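Got chain A sorted already, so can you dock chain B onto it with the hints?
Number of protein chains: 2
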Amino acid sequence: MLVVQKFGGTSVGGLDRIENVANIVKKYKENGEDVVVIVSAMAGETNKLLEYAAHFTKTPPQREVDLLVSSGERVTSALLSIALQSKGIDAIALTGRQAGIVTTSDHMKARIMDINPEKMQKQLEKGKVVIVAGFQGINENGDVTTLGRGGSDLTAVAIAGALKADKCEIYTDVDGIYTTDPRIEPNAKKIDMISYDEMLELASLGAKVMQSRSVELAKKLNVDIEVKSSFEPFKKGTLITKENEFMEKVLVSGIALDKNQARVSIFGVEDRPGISAEIFGKLADENINVDMIVQNVGKDNKASLTFTVPATELEMTKKVLKEYENSSEAIEYDSDIAKVSIVGVGMKSHSGVAAEAFETLAKENINILMISTSEIKISMVIAEKYGELAVRALHTAYELDK
Amino acid sequence: MLVVQKFGGTSVGGLDRIENVANIVKKYKENGEDVVVIVSAMAGETNKLLEYAAHFTKTPPQREVDLLVSSGERVTSALLSIALQSKGIDAIALTGRQAGIVTTSDHMKARIMDINPEKMQKQLEKGKVVIVAGFQGINENGDVTTLGRGGSDLTAVAIAGALKADKCEIYTDVDGIYTTDPRIEPNAKKIDMISYDEMLELASLGAKVMQSRSVELAKKLNVDIEVKSSFEPFKKGTLITKENEFMEKVLVSGIALDKNQARVSIFGVEDRPGISAEIFGKLADENINVDMIVQNVGKDNKASLTFTVPATELEMTKKVLKEYENSSEAIEYDSDIAKVSIVGVGMKSHSGVAAEAFETLAKENINILMISTSEIKISMVIAEKYGELAVRALHTAYELDK
Numbered sequence: 001m002l003v004v005q006k007f008g009g010t011s012v013g014g015l016d017r018i019e020n021v022a023n024i025v026k027k028y029k030e031n032g033e034d035v036v037v038i039v040s041a042m043a044g045e046t047n048k049l050l051e052y053a054a055h056f057t058k059t060p061p062q063r064e065v066d067l068l069v070s071s072g073e074r075v076t077s078a079l080l081s082i083a084l085q086s087k088g089i090d091a092i093a094l095t096g097r098q099a100g101i102v103t104t105s106d107h108m109k110a111r112i113m114d115i116n117p118e119k120m121q122k123q124l125e126k127g128k129v130v131i132v133a134g135f136q137g138i139n140e141n142g143d144v145t146t147l148g149r150g151g152s153d154l155t156a157v158a159i160a161g162a163l164k165a166d167k168c169e170i171y172t173d174v175d176g177i178y179t180t181d182p183r184i185e186p187n188a189k190k191i192d193m194i195s196y197d198e199m200l201e202l203a204s205l206g207a208k209v210m211q212s213r214s215v216e217l218a219k220k221l222n223v224d225i226e227v228k229s230s231f232e233p234f235k236k237g238t239l240i241t242k243e244n245e246f247m248e249k250v251l252v253s254g255i256a257l258d259k260n261q262a263r264v265s266i267f268g269v270e271d272r273p274g275i276s277a278e279i280f281g282k283l284a285d286e287n288i289n290v291d292m293i294v295q296n297v298g299k300d301n302k303a304s305l306t307f308t309v310p311a312t313e314l315e316m317t318k319k320v321l322k323e324y325e326n327s328s329e330a331i332e333y334d335s336d337i338a339k340v341s342i343v344g345v346g347m348k349s350h351s352g353v354a355a356e357a358f359e360t361l362a363k364e365n366i367n368i369l370m371i372s373t374s375e376i377k378i379s380m381v382i383a384e385k386y387g388e389l390a391v392r393a394l395h396t397a398y399e400l401d402k
Numbered sequence: 001m002l003v004v005q006k007f008g009g010t011s012v013g014g015l016d017r018i019e020n021v022a023n024i025v026k027k028y029k030e031n032g033e034d035v036v037v038i039v040s041a042m043a044g045e046t047n048k049l050l051e052y053a054a055h056f057t058k059t060p061p062q063r064e065v066d067l068l069v070s071s072g073e074r075v076t077s078a079l080l081s082i083a084l085q086s087k088g089i090d091a092i093a094l095t096g097r098q099a100g101i102v103t104t105s106d107h108m109k110a111r112i113m114d115i116n117p118e119k120m121q122k123q124l125e126k127g128k129v130v131i132v133a134g135f136q137g138i139n140e141n142g143d144v145t146t147l148g149r150g151g152s153d154l155t156a157v158a159i160a161g162a163l164k165a166d167k168c169e170i171y172t173d174v175d176g177i178y179t180t181d182p183r184i185e186p187n188a189k190k191i192d193m194i195s196y197d198e199m200l201e202l203a204s205l206g207a208k209v210m211q212s213r214s215v216e217l218a219k220k221l222n223v224d225i226e227v228k229s230s231f232e233p234f235k236k237g238t239l240i241t242k243e244n245e246f247m248e249k250v251l252v253s254g255i256a257l258d259k260n261q262a263r264v265s266i267f268g269v270e271d272r273p274g275i276s277a278e279i280f281g282k283l284a285d286e287n288i289n290v291d292m293i294v295q296n297v298g299k300d301n302k303a304s305l306t307f308t309v310p311a312t313e314l315e316m317t318k319k320v321l322k323e324y325e326n327s328s329e330a331i332e333y334d335s336d337i338a339k340v341s342i343v344g345v346g347m348k349s350h351s352g353v354a355a356e357a358f359e360t361l362a363k364e365n366i367n368i369l370m371i372s373t374s375e376i377k378i379s380m381v382i383a384e385k386y387g388e389l390a391v392r393a394l395h396t397a398y399e400l401d402k
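Which chain is which? The protein sequence lines are A and B, in order.
Counting from 1, one number per residue, gives the positions in the first sequence under our numbering.
Counting from 1, one number per residue, gives the positions in the second sequence under our numbering.
This is chain A alone, in the form it adopts within the complex:
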């Protein structure tokens, strides 16, 4: 068995925590498993380095920022290797370059192009635990690059794929993926198994445990991910894997709440071909991520266009839409909204899931402002103040606490 284990910033946030990780790895190794460990920087280190850079300029050159922040993971990898070797476990720490990780040149948000796993394989054959500094690689020029948010998870999944590992374990400060946020619904249950697609919908909806890009890569490479807690390392976590029969029996897997969206409505805009493409094209030019879109055409051939954007991008959205103020009847902005989403592969083969959701919210007198559905997801925009209530009502309605 070859297992890839990734430990995030909190899990390696101090020397005692690194010692804890060494004990976990040691246990696996002593059970006869081959282990590759991916580590993040110690919690706070990356931000500290970024603050150093910010002392000089608000827009530090990205190539140098990558050289700067990549040192954090190198430190953790060396320390973990030292900790393991002091416990009698043979280990070797590798940088992203030494682990053979070749990326694009897009500094601070590079994509992994290729992994040359020979060095890792050679060390595994020698019986060593291989420790890899996450989040980083080199480009074709030999410059250090970093992979952006969730980069260490991505390193772990990519290496698990390249080494054809049996499993990729992501250790974090929670013990798995929950049916909804336990801070909102104390009866939220840990999910044993979830499909890549469900996880993708949940991740993009604000379940912050796994970044979408890592789940997407895991799906592409067919890597099984287990999300576990580094505080309870021998407790079963949540397995993210390909869709199977067992999952389809479960109607709804989880409910997500996203309160960081804003709603934009353009009323009475002229309904000519290409008007939507024009507006959304201009928003895309400013890197504004438009999410839900609803369009209606009225009797007078004038269209109403409603969509959501991240609340942080609302100001930029207002700027872009300024030129449509005269050619439309009204433009309204509302940032006091919440998006509640129901996710589950079981929906595909069951009807009535959406109807039950609408009914549940109606019973609570919650007005639905927008609806959008996909094969495995139903999203509803409601007033922000009802967000938590809606989550709890739906959680009960779909019997997720059972």
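A few of these clues could be false.
To be verified - DSS-like mimics (lysine-lysine), calculated; alpha carbons at most 27 Å apart, straight line:
1. Lys219/B x Lys189/B
2. Lys126/B x Lys109/A
3. Lys220/A x Lys208/A
4. Lys402/A x Lys190/A
5. Lys190/A x Lys219/A
6. Lys119/A x Lys119/B
7. Lys58/A x Lys126/B
8. Lys58/B x Lys27/A
9. Lys109/A x Lys119/B
10. Lys318/B x Lys282/B
11. Lys58/B x Lys29/A
12. Lys109/A x Lys282/A
13. Lys190/B x Lys48/B
14. Lys58/B x Lys87/A
15. Lys87/A x Lys109/B
16. Lys208/B x Lys87/A
17. Lys48/A x Lys242/B
18. Lys29/A x Lys109/A
19. Lys109/B x Lys119/A
20. Lys48/B x Lys208/B
Rather than coming from a laboratory, the hints here were simulated on the basis of the structure.
Since this is a predicted model, take the numbers as computed values, not measurements.
For chain B alone, coordinates are given in the frame of chain A:
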């Protein structure tokens, strides 16, 4: 003009100090010079990382220690590049590997084998300031190595040699090499120019500004070094260069005091061939650095052997000599000694320098316990308590305060 500038830990010890370095480099660049900058880790960083490692074991694996501590210089190099670019000076930070520094595999004390300067040259041709993380390189396997104490100075000298730079400036917290330690003799004067050999004698005698290995390399590569202060960067420092006519006119360049030695005397040891070789061979096996050696043979064919060792190695020396306790009349140890040394290339062509030294100490009623001389150096061992007095008296006698 191509100048290589090295800034040590104190000179880059904080963000404001790094900003100061950026301003120095900017000034040189704006004066039309090509500049390569070598940086150390921020003061305290390397020790902090070593303490992290010591949390796990007293004997951390050296390969991992190198990966760990090398991150310090990388951080400084990236920050300085960011600082320079924020001031409108085009710059690029390179790691030891990227700068083409190939070393032996002796981790924590690697030697530079080769420098491939192509990448540096290419960036210089583009008009960029090239910043190199000091103290580090990679071995033939691509593993990170570090160069040991004074490693960043060594990087600077080696790069200055490889690039055929016009000068190598070593910025530190003092403004040059002094005729003696100004804390002992307030009238000590800064030396304008000193030969490699004189500097080597002074360095090995406790003048801590430059490590001997860097001066040796500078001599071998014929690199001119200027030792300067990063607090007064535009003030002339001390030039370390090859011996020239001007220097030979100066009788004595400097006086050094070393109080970290201990004296060992073996009386009445049998004077058979090879006895010295045997004793010093056994000391060498334990890595004990024997410095001054004096041997006398008396009438009864029994020899007296006196030598000095670093005070920190005295205990080990006692262990090694235990077996000679019976075959000699007595073994005495004295750690309350000081070694005072007079250095100057002018001695070669002048007689009477030694006589004047002996006379000066006699006038002060200081008894000389041992004497050893080389072409450009006279060393005398005296009682420790007279160390500072001897330095001041000799400083005056050779008119070094003039």
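Against the structure, the hints:
About 24 Å separates the Cα atoms of Lys219/B and Lys189/B, which keeps this hinted pair within 27 Å; it holds. Distance check on the hinted pair: Lys126/B and Lys109/A sit about 26 Å apart at the alpha-carbon level, within 27 Å; holds. A threshold of 27 Å between alpha carbons decides the hint, and for Lys220/A with Lys208/A the separation of about 21 Å falls inside it, so the pair holds. For the given pair, Lys402/A sits about 11 Å from Lys190/A by alpha-carbon distance, which is consistent with the 27 Å threshold.
Pair hint Lys190/A plus Lys219/A holds up; C-alpha atoms about 21 Å apart against a cutoff of 27 Å. With a C-alpha separation of about 25 Å, the suggested pairing of Lys119/A with Lys119/B holds against the 27 Å cut-off. With a C-alpha separation of about 25 Å, the suggested pairing of Lys58/A with Lys126/B holds against the 27 Å cut-off. Note on Lys58/B and Lys27/A: the hinted pairing holds, with a Cα-Cα distance of about 23 Å set against a maximum of 27 Å.
Distance restraint check for Lys109/A and Lys119/B: the Cα-Cα separation of roughly 25 Å lies within the 27 Å cut-off, and the hinted pair is therefore satisfied. At roughly 12 Å between alpha-carbon atoms, Lys318/B and Lys282/B fall within 27 Å of each other, so this suggested pair holds. Restraint check: the Cα-Cα separation between Lys58/B and Lys29/A comes to about 24 Å, which is no more than 27 Å; the hinted pair holds. Taken as a hint, the Lys109/A and Lys282/A pair is honoured in the structure, with Cα atoms around 23 Å apart against an allowance of 27 Å.
For the proposed pair Lys190/B and Lys48/B, the alpha carbon gap of about 34 Å is over 27 Å, so the pair is violated. For a cut-off of 27 Å, the pair hint linking Lys58/B to Lys87/A stands: about 12 Å separates their Cα positions. Between Lys87/A and Lys109/B the alpha-carbon distance is near 25 Å, which keeps this suggested pair within the 27 Å criterion. The straight-line distance between the Cα atoms of Lys208/B and Lys87/A is roughly 38 Å, outside the 27 Å bound, and the hint therefore fails.
At roughly 45 Å between alpha-carbon atoms, Lys48/A and Lys242/B are farther apart than 27 Å, so this suggested pair is violated. Distance check on the hinted pair: Lys29/A and Lys109/A sit about 33 Å apart at the alpha-carbon level, beyond 27 Å; violated. Proximity of Lys109/B to Lys119/A is assessed by CA-CA distance (about 25 Å); at most 27 Å being required, the pair is judged to hold. At roughly 22 Å between alpha-carbon atoms, Lys48/B and Lys208/B fall within 27 Å of each other, so this suggested pair holds.
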